[in-house]
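Novice: This is what each chain is made of:
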Amino acid sequence: MGRKLLLDKAHIENIRYYSTYRANGGYAAAEKVFKSMSPDQVVEEVKKSGLRGRGGAGFPTGLKWSFLAKPEGVPRYLVCNADESEPGTFKDRYLMEFLPHLLIEGLLISSFALGSNRTYIYIRGEYAWIPDILEEAIAEAKQNGWLGKNIQGSGYDLEIYVQRGAGAYICGEETALIESLEGKRGNPRIKPPFPAVKGLWQSPTVVNNVETLAAVVPIINIGGEEYAKYGIGKSTGTKLISACGNINKPGVYEIEMNISVEEFLYSDEYCGGIANGKRLKACIPGGSSVPILPANLLLKTAKGEARMMTYEGLNDGGFATGSMMGSGGFIVLDEDQCVVRHTLSLARFYHHESCGQCSPCREGTGWMKRVLNNIENGKGKMSDIDLLWDIQRKIEGNTICPLGDAAAWPVAAAIRHFRDEFEWHVLNPDECLKRNYGLAHYADPLPLAAAAV
Amino acid sequence: MIQFSEEKLNKVKEIIARYPDGKQKSALIPLLHLAQEEFGGWLSPETMDYVASLLQITPIEVYEVATFYSMFNMKPVGKYLFEVCQTGPCMLNGSDQIIDYIKSKLGIGVGETTADGLFTLKTVECLGACGYAPMMQLGKHFREHLTPEKVDAIIAECRAKAN
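Protein chains in written order, with our numbering: chain A, 28 to 480; chain B, 8 to 170.
Hints listed in this document are in silico derivations from the structure and should not be mistaken for laboratory results.
Watch out, some of these pointers could steer you wrong.
What the hints assert, rightly or not - Label pairs and their computed distance ranges (CB to CB):
| id | chain 1 | residue 1 | chain 2 | residue 2 | range |
| --- | --- | --- | --- | --- | --- |
| 1 | A | Ser-410 | B | Lys-18 | 54 to 60 Å |
| 2 | B | Thr-121 | A | Asn-41 | 37 to 43 Å |
| 3 | A | Asn-41 | B | Glu-13 | 53 to 59 Å |
Quick reminder that beta carbons are idealized off the backbone N, C-alpha and C, glycines included.
Build out the structure end to end from the sequences listed, making use of the hints.
Specialist: Shown next as structure tokens:
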């Protein structure tokens, strides 16, 4: 069994409620902070832990915190990004539903470290039942002296509020989230200024993902140095992976970042292998925006080494032969899935979610969707494949926010690794409507899906 | 003239108090959710103007926000809104077949409402339930691991509630 730091108590009945959470070691980290630590010492521990943002970008959290401007007389804000909308990702939902106090405790410690007296949880609107769970936990924490005025006699005040979004993927981007929290359309801002200098209501603001903030609790409990001993190299600690697609055991798993992709995919402790005895064709290991990999490159790097479930391991080979950890949304495609159809589905998603500010993204995503729709439906031309490549190249890097890149990468990777499947659609316009291309050579020279390890 | 009940007006006050003085515009999205629930499941111009007056902002500030977010309905919808996810991970688990099944079962297309005003079918993009696919949102909650049998049961449940 892998070591756990976040979900170790998730199986305890009623852990959702304060009394059970507290009786099982909850708020011990907060207690330690108020008894013996200064805000700067908390930031120092987080720096030592090597914790990296769990929302997708993987930016070092301690470093992000240290950028926060602290002008006299100006309020500072912490905003928790619970807008979880990246296709394939449903880990924050799990944390908030089952361990709300872990998040509240993480928010309390982090808000204290950053000097925020008013902290917001911005949650995607579709998770409509979760604000009730969070607000109940907030009320319980307040009754027990962990929120409100003069917390634990420290002189520190904090209120936490839950804000629901209303259906917009783009609001997961931190400046779009801030705009939305201000009651506006979710149009990302031009940076600089960065939120650390001018964020919510033009005040210095830190925006962190749910899992990132929850991880602050074990970091304080065991110490930053100890936390950094989990995982490999710069991939310290544990990571929540939400696994879905054609696998036997979809769900949310906490992994220590020292296992291989093969173990994660095939062992019974995690995904339990490909469903229905089929073979693995491809996988998007970090949420829909990161490059798709064919089976052979997923399990082994181009150098022939086992690919590891770490930031560096998943990125090994760059975009030519690797992918990214991203948000930890692990999407598995079996041999009967069509890569063109799946790419079309993602292209439609990005077109729907483009905020429309930048023309390369607004126009390019729709254009890619239409071209892919033609290819998928037997109306494509060979030149369309090059056209798709050209469009995605012109979106990438040419937009205010990373949604443009996120829309370009899935199309680029699908063509890079599965070009023959696109060509087959063009050359076999009738057949492609009746059957899928199948596995072809993608899994070679891998053996059949072996029994679980 | 539409108006919130006394109870809802207290809720409005509580929401506005979450933000610093003068930042009441931040309450716009929470208030639009509240108004949509209260006033028939969609946002009519009258509803949006009312929300604008509560926050002392101009109507256009409400319209531009309401039209941006996919959860706000700009047209009337049926009593039960089926929002079926069609994005990649759900597609891998048969969401296309579920959408087709609902269409044939209710005799409507995507974006349409049944003649009795009970059901509206809408396709949506990823709702964050990829491991429990295929799925749809019905009101406040998710219905997951959908099969034709489950869809039948959900439709029957809604019909029973409506009667």
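Novice: Look at each hint and say if it fits the structure.
Specialist: Hints, one by one, checked against the model:
Ser-410 (chain A) and Lys-18 (chain B) have their C-beta atoms about 57 Å apart, which keeps the hinted 54 to 60 Å range intact. Under the hint 37 to 43 Å, the C-beta atoms of Thr-121 (chain B) and Asn-41 (chain A), about 42 Å apart, fit the expected range. Judged by the Cβ atoms, the range 53 to 59 Å given for Asn-41 (chain A) and Glu-13 (chain B) is violated: they are separated by roughly 35 Å.
In summary, the structure is inconsistent with hint 3 from the numbered list given earlier, while agreeing with all the others.
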